[in-house]
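Model the full assembly from the supplied sequences, consistent with the hints where possible.
Take a look at the letters that make up each chain.
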Amino acid sequence: MQTAAAGYQPIPLTFDEMHAQPGGVRPHWSSFLHSFEDMGPETLARRWAEVRRLMRENGVTFNVHGDPGGLDRPWELDPLPLLVDEQEWSRLSAGLTQRARLLDLVLEDVYGAQELLRVGLIPPELVYAHPGFLRGCHGLPVAPQSRLLLYGTDLVRTPQGEWMILRDRTQAPAGAGYALENRLVLTRLLPELFREARAARLGPFFEGLRSSLEGLAALHPNNPRIVLLTSGPLSPIYFEHAYLAQYLGCTLVEGDDLTVRDNAVFLKQLEGLQPVDVIWRVLDDAFCDPLELRGDSFFGVPGLVQAVRSGNVVVANSLGSGWLETPALGPFLPELCQYFLGQELKVPGVPSWWCGEPRACQHVLMHLDKLVLRAAFPTQTFFGGRRAVYGHELSRKERDELVARIQARPYAWVAQDEVSMSTSPVWTGKQLEPRHMVLRAFLSAREEGDFEVLPGGLTRVARTADSLVVTLQASGGSKDTWVVAAGEALNAPVVNRPGAEVVLSRGGNDLPSRIADNLFWLGRYVERAEGVVRLIRGSLELSNDPDDAGIVPMLLDVLHPDEGESWPRIRELALETKEYGLAFLLREVHRLSTSIRDRISVDSWRILTGLTIGPAEQERVLMTQLEELIIELWAFCGMANESMSRGYGWRFLDLGRRLERSVRTIELLQGTLLDHEHNQDTVLEAVLKICDSGRIYRRRYPAGLQLAPVLDLILCDESNPRSVAFQLARVDEHLAALPDQKPMRSAEQRLTLALLTELRLLDVRNLELADFLESCEERLPQLSDALFRHYLAHVSPARVRPALPRE
Amino acid sequence: MKYRVRHTTHYKYTDPVSLCHNQVVSLPHPHPCQEVSEAMLEIEPIPAVKTRRRDYFGNHLTVFEVHEPHEELSVTIRFLVEVQVAQDLVASPSWEQVAGHLAADRAYLSERQFCFDSPYVVADEKLAAYARKSLTPGRPLLEGVKDMMARIHKEFRYDPEATDLSTGLGEVLENRRGVCQDFAHLMIGMLRSLGLAARYVSGYLLTTPPPGQPRLVGADASHAWLSVFCPPYGWVDFDPTNDQIPSDRHITMAWGRDYEDVSPVKGVVLGGGAQTVSVAVDVHPEDP
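Chains as they are written, first to last, in my numbering: chain A, 1 to 807; chain B, 1 to 288.
Keep in mind that a hint or two might mislead.
Quick list of in silico lysine to any residue cross-link-like pairs, SDA-like style, CA-CA up to 20 Å [stated by the list, open to error]:
| no. | chain 1 | residue 1 | chain 2 | residue 2 |
| --- | --- | --- | --- | --- |
| 1 | B | K266 | A | D262 |
| 2 | A | K689 | A | L573 |
| 3 | B | K126 | A | R463 |
| 4 | A | K689 | A | E667 |
| 5 | B | K266 | A | R309 |
| 6 | B | K266 | A | K689 |
Note that these hints are calculated values from the structure, not bench results.
It should be emphasised that the depicted structure is a prediction, and the values quoted were computed from it without experimental measurement.
Dropping the structure here:
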């Protein structure tokens with residue numbers, strides 16, 4: 001390892017963050033590097049493996065859209081942080097703060113007085129031709145701190161070491177949550193080094209962000225309801241949304257969790273509609289309201305813009321702030337900075353030209369080879385689907401086409417100098433190697449137009465030494481970013497925020513109805529999966545016994561009526577992805593657990609998303625998988641019972657299980673006991689085994705198998721946790737504990753009690769079994785429907801009315 | 001002329017709608033040639049909340065929410081309007097002069113925003129080529145636009161089956177068929193592709209024509225035409241569907257960049273199943 005840093009080879013003519021050329025290791029890296037080398041490669045490798053395991057288990061992922069391989073890709077993190085010298089950082093911070101203030105003022109003007117257009121500091125094309133300038137948001141009341149509550153900007157460095165702004169992210173900048181997670185991981189990986197380096201802490205920034213969010217709540221300043229609005233688990237960065245919501249104590253919601261009534265926004269909870277004061281949205285502008293903005297948005301809240309207009313809710317970042325992201329604004333910022341602040345831009349942008357100005361356009365056409373062309377407006381028909389066009393990569397034909405397109409609509413094009421990026425060392429497992437990097441810095445609005453800079457950020461590096469591609473989607477990984485002090489620690493001590501005392505809460509009851517619905521179905525699917533595993537396992541065992549194999553087709557018919565040999569049918573039931581197959585159920589369990597990832601423990605989530613089945617060409621292999629599945633499903637249930645707080649969420653999960661188990665048990669009895677062709681002993685034995693009640697039966701009735709005691713045990717015996725009566729008694733308890741209790745019992749309570757009472761009074765020796773089972777089969781779905789109507793009916797999504805007939 | 005206008009939009013759903021949010025153009029846009037009185041907005045079932053506002057273009061909108069479960073929703077606007085004959089158009093500057101002013105003169109900032117692409121209207125070279133046949137070099141703007149309108153009327157067929165809202169302008173130009181919305185969008189696109197300012201107008205036509213005059217197309221529903229900006233007159237209307245310069249038989253309701261900005265009724269519903277919608281428009285002259 002001693003040689004690792006010594007053997008580090010920076011790329012010539014490139015600024016390296018660690019290694020000056022000439023001059024060697026920069027002063028702010030030397031003590032870190034020393035300790036890093038002292039740690040030794042074995043310790044590092046061991047800890048690194050540990051940390052990677054942790055990240056995997058915490059579900060730190062980045063989802064790549066269009067990745068056919070599936071949903072989630074693990075988040076990549078390099079063990080070496082980027083170190084930035086504190087003095088340099090403080091200069092940079094001043095520049096970033098200036099830029100945030102400037103952009104904030106520009107945004108205010110464009111959605112307000114539009115003085116900048118009148119005096120000609122911004123050309124009208126940039127506003128009027130930009131689809132991201134949302135006319136419906138012009139003149140909306142906006143709390144100043146909400147405009148750029150969180151602002152992100154990408155920084156690169158020239159070979160001379162000068163920082164430059166590559167792009168701005170102003171509506172819902174991604175990465176702050178990953179930066180926080182990276183820090184958490186690194187402090188576990190390199191605790192000693194972190195302490196020694198006295199790097200600035202990130203916590204205070206997020207506390208300030210939380211304060212700013214609270215400050216936006218005009219209506220309920222003491223205990224505001226703040227929600228984080230996400231597009232849901234399909235968002236590539238859903239992990240970050242869930243993580244930030246948890247860290248900041250906001251409720252994570254999707255559009256369907258919110259509803260607008262009387263021009264105000266409410267969260268749909270089990271106990272009714274709860275007013276929402278502040279929405280921190282991580283959705284793009286246009287998706288936020290299908291009524292006033294994009295009608296094809298599935299993610300937004302109909303009526304949201306009107307609620308903002310009425311002053312009943314604050315949305316941050318303010319609606320329409322995405323407009324600022326246009327790269328065409330860059331060339332105008334120096335003058336705007338003079339106009340608003342009377343200052344020079346402290347951190348320059350990458351040199352750029354807006355082709356709408358004839359002189360700039362001429363320059364661009366003359367120097368096309370050295371430039372990168374970008375669309376001034378987000379548009380889908382951008383030169384072959386590329387995000388940026390590098391002039392030097394174009395063929396002659398492409399070049400001619402590009403020139404024609406620029407000339408036809410010059411104002412739609414922006415050109416930038418090809419950026420030079422600095423490099424930073426990454427740890428390859430053996431040695432340090434340079435990688436090009438981009439640093440995303442974050443700022444958050446504070447009172448009176450002030451901004452706070454996150455002392456750190458998300459550093460992203462290219463995959464290989466010669467690659468210049470650094471994006472969240474394609475990049476090789478990320479780094480933590482440490483602002484290191486030469487002398488004493490940077491931080492002011494953490495102080496408690498002034499303000500009202502928080503109300504103590506035994507919560508767990510701030511449950512959006514959609515989450516309750518998902519938990520209910522998770523409970524049902526987990527139980528159904530267990531039932532199917534038991535039945536398939538039972539069938540597999542029986543099919544190997546020549547005396548008993550005859551009843552296997554009957555058992556399999558309970559799951560899915562079909563014909564043919566038993567083994568292929570068993571295989572199909574296990575691996576089939578249609579609704580009756582086990583593979584389908586496991587996929588649903590995976591989907592549902594992902595959609596409520598922030599509501600269940602990390603361990604539970606790990607178990608649920610790890611459930612798999614197949615391939616299984618041999619019975620033995622399938623059997624082993626089934627045995628493992630049973631244990632994992634039990635582990636989840638045990639965990640849910642032992643570690644979930646007894647809020648409504650747990651009750652809905654358990655309601656789902658109990659109802660499902662009742663339904664499946666009745667189905668099993670209907671499919672087996674009404675048949676008289678087979679040996680009754682074999683059938684009863686199989687039923688007891690599938691219902692996991694064989695042991696209790698034998699202990700209680702050593703004499704042998706008879707129908708009546710089997711029925712009593714499986715239907716009526718409330719001491720048997722597998723009996724239908726036991727399930728209904730639990731359902732009854734849960735229903736009594738749900739909100740919105742009326743003096744008269746609710747429909748679902750009456751149905752439950754009727755069925756339970758009937759079971760308690762049941763005479764198993766004189767029973768019309770077929771009739772009784774049929775009546776259960778009819779009433780259990782009614783119970784489930786009544787529950788749904790009472791608590792979950794408003795979870796159904798809103799949709800836009802199709803357009804009017806045309807004249 | 002004085003008219004009584006009644007416009008009803010009626011939705012029927014197969015399943016109950018438990019909640020809906022709506023936005024309706026509820027009153028004519030203030031207009032120098034129009035005087036509106038006795039305006040009413042009737043909504044059934046009665047909305048839980050109803051708010052009036054002006055949009056970015058100055059159109060009068062009402063947003064409302066219905067909270068009670070319903071299987072039908074009916075929205076009716078009524079008003080009395082007196083329409084003045086439009087000003088006489090005589091000479092106009094050349095179209096290049098107008099385009100030049102729009103591009104260079106900040107006094108025309110508010111008109112300038114109607115020079116650019118909008119959701120349904122994306123200018124391109126084909127539209128420009130079609131437009132140049134009428135807007136020949138140096139030709140006075142209004143004369144050229146009148147010629148363009150006549151050509152569209154002659155060369156395109158009114159055909160409600162040929163297009164829907166998702167039909168692009170390119171296809172309309174190719175197939176030479178469409179409805180008033182398409183013709184308005186098409187002509188707006190042609191004008192904008194030469195740097196001129198054009199806006200979309202929605203409104204109504206007299207349902208029953210005066211004796212001896214033909215009934216105009218688009219009279220049973222809301223109608224669409226366009227305005228082009230031409231100093232010194234300001235905005236001048238053209239109706240390519242009927243090859244007319246609108247005067248006292250066209251009633252202006254709303255304007256914007258294109259249909260997207262002026263949709264008469266739009267809404268988002270919770271529940272509802274399948275739906276059918278019917279529209280009835282009545283425009284009758286009021287006896288003097």
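Hints, verified against the model:
no.	hint	in the structure
1	B:K266 <-> A:D262	holds, 18 Å
2	A:K689 <-> A:L573	holds, 19 Å
3	B:K126 <-> A:R463	violated, 45 Å
4	A:K689 <-> A:E667	holds, 15 Å
5	B:K266 <-> A:R309	holds, 18 Å
6	B:K266 <-> A:K689	violated, 59 Å
Violated hints for the displayed structure, listed by number in ascending order: 3 and 6.
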